[in-house]
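> Work out the full structure, taking the sequences as your base and the hints as a guide.
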Amino acid sequence: MPVEKPKPRYKQIADHLREGILSGTYPAGQPLPSEESLAKQYGVTRPTVRQGIAELRAAGLVEVMMGRGMFVRSPHSRPSLTRPRGVRREPDGRYVEADGLRWDDAEEPVATRTDAPLALADLLRIPPGEPMYTYDALQTADRGRLRQLRRTYVPFSVLLGTKFEEQAPPPAPHLYSALAELGHELHFTEYVRTRMPLPDQAQALRLPDGVPMFQILRVTLSADDKPLALEEFHLPGDDLELSYPL
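Residue 20 in full-length UniProt numbering sits at position 20 of the sequence shown; the count goes up by one each step and never skips.
Hints are not guaranteed to be accurate.
[Said to hold, decoys possible] Simulated pairs of lysine-lysine, DSSO-like, Cα-Cα distance not exceeding 27 Å:
hint, residue 1, residue 2
1, Lys226, Lys163
2, Lys40, Lys5
3, Lys7, Lys40
4, Lys11, Lys40
FYI, nobody ran anything at the bench for these hints, they're computed from the structure.
Here it is, written out as structure tokens:
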């Protein structure tokens with residue numbers, strides 16, 4: 001019978017605090033002891049405590065409020081941020097996000113040529129390996145407090161016979177107006193899931209260890225349901241809920 005390896009200290013701390021939260025020792029809405037106090041209590045460093053707290057944040061048991069400390073989250077509490085999802089068209093023809101936020105690009109997105117991987121080719125209904133224009137952007141809102149990664153894909157085949165056959169189309173959301181000017185009546189479908197971020201994604205989104213992110217794939221479709229473009233959004237998943245009108 002194999003001998004079980006002892007748990008890392010941060011997991012032991014997370015398990016002990018989780019037990020205290022579920023038993024009511026730390027009531028919902030009340031603050032947890034500070035990192036410094038917990039480090040002294042468990043005889044570890046503050047980064048070790050922080051890693052344990054990240055496990056509890058990922059489990060939805062703890063929320064960290066900037067400048068106020070760490071608080072036990074009720075299983076019935078609402079996230080601090082709700083983001084309406086969707087796209088609407090303004091009277092002047094512009095397409096805007098339903099969340100009403102103004103998103104600024106950290107750097108001007110530049111078009112690169114990529115080949116469609118199998119999973120995206122399936123959503124776009126194009127052959128795997130078909131060339132696409134691709135844009136990458138780190139976007140911020142609310143004076144940098146909110147962050148998201150946004151990638152836009154446009155298959156070359158969608159642009160055949162248009163002015164964009166020789167020049168790259170604009171990235172979304174300006175892409176929507178460009179497609180509408182080509183005569184397309186647009187609608188959208190989104191696919192949502194959560195997963196753990198890659199290291200560069202965690203750094204860009206400023207996610208602590210153990211915190212997941214939302215991955216949203218938005219497909220732009222024509223009136224006859226032909227996919228025209230695809231966007232990939234990555235959003236922090238620690239204190240955010242998404243809302244959709246039905």
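> Take the hints in turn and mark each one as holding or not.
Hint check results:
In summary, the hint linking Lys226 to Lys163 is supported, as the alpha carbons are separated by about 19 Å, within the 27 Å threshold. Between the alpha carbons of Lys40 and Lys5 the distance comes to roughly 25 Å, so the proposed pair stays at or under 27 Å and holds. The straight-line distance between the Cα atoms of Lys7 and Lys40 is roughly 19 Å, inside the 27 Å bound, and the hint therefore holds. Between Lys11 and Lys40 the alpha-carbon distance is near 16 Å, which keeps this suggested pair within the 27 Å criterion.
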